[in-house]
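Work out the full structure: start from the sequences and follow the hints.
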Amino acid sequence: MSLSVRPNDEPALDPAALAEDVDLALEVRREILLLDARLERMTHHELLGVGRRATAEEARAAYLERVKRYHPDRHAGKRLGTFRARLDRITRRLTEAREVLSNPERRAEYERNTATPDDVVRIEVRRLEDELRAEERRSRLGRTNPLLARTTRVAELVKRGKDELAAGKPDRAANDFATALALDPRHVEARVLGEEARRRAASFRAESAWTEGLAAEASGRDGLALERFRQVLEGNPSHPRAALAATRAALRLGRVGEARELAQAAVRASPRTAAAHAALGEALAAAGEKGDAKKALERALEIDPRLDDAKVLLRKLRWSLFG
Amino acid sequence: MTTDHEPVIGIDLGTTNSVVAAVVNGSPRVIPNRGGQLLTPSIVAVAKNGKQLVGQLARRQAITNPQNTIHAAKRLIGRRWGSREVEDARKVLPYELVAGPGGHDVRVVLDGNPISVPEVSAMVLAELKADAEAFFGRVISRAVITVPAYFNDGQRQATRDAGRLAGLDVLRIVNEPTSAALAYGFGRGLEEKVVVFDLGGGTFDVSILDVSKSVFDVVAVGGDTYLGGEDFDRRVIDALVFGFARDHDGLDLRQDRMAMQRIRDAAERAKCELSTVPTAAVHLPFIAGGTAGHPALHLEAQLTREQLEDMTRDLVDRCIQVTAKTLKEAGLRPQQIGEVLLVGGQTRMPRVQQAVRELFGREPSRGVHPEEVVALGAAIQAQALTEPEASAAEVLLLDVTPRDLGIMVAGGFFQTVIPRNTTVPASQTHVFTTSQDYQPTVRISVLQGESELAAENELLGEFILEGLRSARRGEVEIEVAFDISADGIVGVSARDVHTGRQQSITVTATSGLTEQEIQQILAEGASQAPAPADESGARRRAALEAALEEIASLEPAVALALQRSRFGTDALDRAHRLTKQAREALASGDGQRIEAEARDVDRTLQLFRSLASGGGVA
Numbered sequence: 021m022s023l024s025v026r027p028n029d030e031p032a033l034d035p036a037a038l039a040e041d042v043d044l045a046l047e048v049r050r051e052i053l054l055l056d057a058r059l060e061r062m063t064h065h066e067l068l069g070v071g072r073r074a075t076a077e078e079a080r081a082a083y084l085e086r087v088k089r090y091h092p093d094r095h096a097g098k099r100l101g102t103f104r105a106r107l108d109r110i111t112r113r114l115t116e117a118r119e120v121l122s123n124p125e126r127r128a129e130y131e132r133n134t135a136t137p138d139d140v141v142r143i144e145v146r147r148l149e150d151e152l153r154a155e156e157r158r159s160r161l162g163r164t165n166p167l168l169a170r171t172t173r174v175a176e177l178v179k180r181g182k183d184e185l186a187a188g189k190p191d192r193a194a195n196d197f198a199t200a201l202a203l204d205p206r207h208v209e210a211r212v213l214g215e216e217a218r219r220r221a222a223s224f225r226a227e228s229a230w231t232e233g234l235a236a237e238a239s240g241r242d243g244l245a246l247e248r249f250r251q252v253l254e255g256n257p258s259h260p261r262a263a264l265a266a267t268r269a270a271l272r273l274g275r276v277g278e279a280r281e282l283a284q285a286a287v288r289a290s291p292r293t294a295a296a297h298a299a300l301g302e303a304l305a306a307a308g309e310k311g312d313a314k315k316a317l318e319r320a321l322e323i324d325p326r327l328d329d330a331k332v333l334l335r336k337l338r339w340s341l342f343g
Numbered sequence: 002m003t004t005d006h007e008p009v010i011g012i013d014l015g016t017t018n019s020v021v022a023a024v025v026n027g028s029p030r031v032i033p034n035r036g037g038q039l040l041t042p043s044i045v046a047v048a049k050n051g052k053q054l055v056g057q058l059a060r061r062q063a064i065t066n067p068q069n070t071i072h073a074a075k076r077l078i079g080r081r082w083g084s085r086e087v088e089d090a091r092k093v094l095p096y097e098l099v100a101g102p103g104g105h106d107v108r109v110v111l112d113g114n115p116i117s118v119p120e121v122s123a124m125v126l127a128e129l130k131a132d133a134e135a136f137f138g139r140v141i142s143r144a145v146i147t148v149p150a151y152f153n154d155g156q157r158q159a160t161r162d163a164g165r166l167a168g169l170d171v172l173r174i175v176n177e178p179t180s181a182a183l184a185y186g187f188g189r190g191l192e193e194k195v196v197v198f199d200l201g202g203g204t205f206d207v208s209i210l211d212v213s214k215s216v217f218d219v220v221a222v223g224g225d226t227y228l229g230g231e232d233f234d235r236r237v238i239d240a241l242v243f244g245f246a247r248d249h250d251g252l253d254l255r256q257d258r259m260a261m262q263r264i265r266d267a268a269e270r271a272k273c274e275l276s277t278v279p280t281a282a283v284h285l286p287f288i289a290g291g292t293a294g295h296p297a298l299h300l301e302a303q304l305t306r307e308q309l310e311d312m313t314r315d316l317v318d319r320c321i322q323v324t325a326k327t328l329k330e331a332g333l334r335p336q337q338i339g340e341v342l343l344v345g346g347q348t349r350m351p352r353v354q355q356a357v358r359e360l361f362g363r364e365p366s367r368g369v370h371p372e373e374v375v376a377l378g379a380a381i382q383a384q385a386l387t388e389p390e391a392s393a394a395e396v397l398l399l400d401v402t403p404r405d406l407g408i409m410v411a412g413g414f415f416q417t418v419i420p421r422n423t424t425v426p427a428s429q430t431h432v433f434t435t436s437q438d439y440q441p442t443v444r445i446s447v448l449q450g451e452s453e454l455a456a457e458n459e460l461l462g463e464f465i466l467e468g469l470r471s472a473r474r475g476e477v478e479i480e481v482a483f484d485i486s487a488d489g490i491v492g493v494s495a496r497d498v499h500t501g502r503q504q505s506i507t508v509t510a511t512s513g514l515t516e517q518e519i520q521q522i523l524a525e526g527a528s529q530a531p532a533p534a535d536e537s538g539a540r541r542r543a544a545l546e547a548a549l550e551e552i553a554s555l556e557p558a559v560a561l562a563l564q565r566s567r568f569g570t571d572a573l574d575r576a577h578r579l580t581k582q583a584r585e586a587l588a589s590g591d592g593q594r595i596e597a598e599a600r601d602v603d604r605t606l607q608l609f610r611s612l613a614s615g616g617g618v619a
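So the protein lines, in turn, are chains X and G. According to the numbering used here, the first sequence is numbered sequentially starting from 21. According to the numbering used here, the second sequence is numbered sequentially starting from 2.
One or more of the hints may lead you astray.
Beta-carbon label-pair distances, calculated as ranges [stated by the list, open to error]:
no.: 1; chain 1: X; residue 1: Ala128; chain 2: G; residue 2: Ser142; range: 45 to 53 Å
no.: 2; chain 1: X; residue 1: Asp34; chain 2: G; residue 2: Glu467; range: 49 to 57 Å
no.: 3; chain 1: G; residue 1: Gln437; chain 2: X; residue 2: Val48; range: 49 to 57 Å
no.: 4; chain 1: X; residue 1: Ala128; chain 2: G; residue 2: Gly468; range: 36 to 44 Å
Quick caveat, the hints were computed from the structure, so don't treat them as lab data. All C-beta atoms, glycine included, are put in the ideal place defined by N, C-alpha and C.
In structure tokens form, the structure reads like this:
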């Protein structure tokens, strides 16, 4: 058996050791000295003369070949001098190499610790390729198997919903979660996220409706403004400014009954908000119910004395009561 | 190359019996002892006349002299005083145990003197050595001795010491199952996985080997050093004793050492008989009473194979559990095993064979003699270790360490450094750090075992590394190097990485003999050893005396047995005549006359023993 000793790596041999008077042939002495000198620097693979991908069985076979040659017991009865210790060292190292390479856990750890930068890159690339392949395999499987198709579809919908939620598109997210929940009614994540998405979608819609409503009001399109303000209140019934704005828009349009309903709903939704009471006051005043209007306005000013519109209207009402 | 052809021997030092073997003309063979037997009982005694007896002679007088007859010393070797094993042994052994001078090891009281267990084993080894010397007609100084694979470091050390005390250079301590596999596979060119199921007198071992032609590579070992044939005997003894107590108003025979020795013999015989026949009878006449006011009582019992199997079911189950666990550790399924070897006398029991067959789904090999195979393997290894190129087939044994080896770390936990089933010889270093700020010393406790808690493992030895560099905890690094030799014996050294200060031990301190004690015993032995010729004369005398004593003690039982048989009392008269002649010969001191009488007396004794323990006329 020849060991893979590269010539340029050959350490200088101690001539005295080589000339030691022992019962070993010169060639054997040289071989032992060379191996002993390189023992510390050799990897387990090099020592056993196997490739990095060698199986545990191959490592064992290589070990048996070598240990038969170097084990001190195989040289029993000979005069060995310093070579006994050398053979012993070699045997222990061979055994260690075998123990590590034939134990999957220890081998993985050893290979991680001894990997060169090139190896690290190669291992990382292989790991990523493996992951990619695994992903593809999963989706292919998902398409072909009906049971898996359903699960895969649900997972896809939930994933897309999450992405949409993060991208500020709660409308679409809510839709996807609802679809996912229809496919798998016990999908807890889809249910929880779906509620969240709907809540966010509503407040999102409310916000844009509010802006649009204000714009419409400013440009005198009271019909459109009322519609938008109604939308805001649909999403958030306790939006007092929307309630007030909607009431006024309705009054301007001459729809007094509607204005009154809107204002009453606003008060019910947020009884501690001055604007709601003010809106009710305006609506009631327009409906000619002056006493109730006065009470509503007083209540509004009690909560917030700075409501100038309410003050003016209340003063007017007081005068008209006397008149 | 040495040109020296002094024979080397392999010794199976068993719990119950020991065997010596050697390679003769290229093939291993068992060497008979001077009595012509292949098995020598591992029994040592001091007879009532003060003579030291070993083997069959010691066994013969065991009934009349139980306190001074040491058997099963292997169960105590290398054990610590106070350990569970020793406490258990004290309850069942008829002889007395005391603590050694250091309080750690066990001493056996023999003829009033406490002696160490390795010395007892050394007497058996010396007897086997002398048998081999008689066989070869030359001096023998080198041997391989086997131990159970599951023996720990202390037990191996103590066995090695016993060899030295017997005047032997112990070439190697080899595991018994490995040795058996070697004897089985020798010259067969096997290429398969072999399981050795070794249920001996006192220990159970299971080893799994990957054999490829001449290399015997042990993959995994398991076992129980306190499970063996003697435990089976004890179940039978208990059944007999309790059965007797039930029939005789709770009379407890355990108080009577002589009666117990007779029951022990009868129980073992009944157990062995049940391996071949479905029922065995036990007749022990005059087992109790017979003194003034107390009628003589006899123990009469019938034992069936089913009863034996019932009372030992859990023992067989334990063997099978250990075997299954060891297979799992080797990463093998029962179907991957190419051969199952049964070793040890207890594997003759049909229930044991059946359990093995059920586990592996195959017939165990019948190609080996369970009691001789271990010694044969040891002889092959002895030959390979002295003249490797002369062996008919080159062999190489690669054995493993049976237990996890490590040290105690902070919190009383056990940190493994060399895991079990690692091929030996092996070395491993591990770097530990200090656990307290500015600690000046560190205590290294070396342990062997499988528990995570240090206290539950076997303490092999301790030493203290002093003069650590003064630094905060975790900053001082200590490199601990472990070494397990091919014998499975442990050496440990510790080094402060920064200062280079080093301490080392060969782990012997906690039990067994110190080097000084060994030297002292060897020196005493050299000055006391009588000339060999005298020794054999004295030995014959002692043997004859012991035999005569035993005959006298057995007489009442024999007389009763003969009265009931159709043989009449002629035999008894003849025995009286013979013993009278023998006593005269002894008194004359004539060596040749003694030897002539010894043979007849021996025959009479065999007959008496057989009659007294309930057998027929031999």
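These are the hints, each one checked on the structure:
no., hint, verdict
1, X/Ala128 x G/Ser142: 45 to 53 Å, "49 Å, holds"
2, X/Asp34 x G/Glu467: 49 to 57 Å, "36 Å, violated"
3, G/Gln437 x X/Val48: 49 to 57 Å, "52 Å, holds"
4, X/Ala128 x G/Gly468: 36 to 44 Å, "39 Å, holds"
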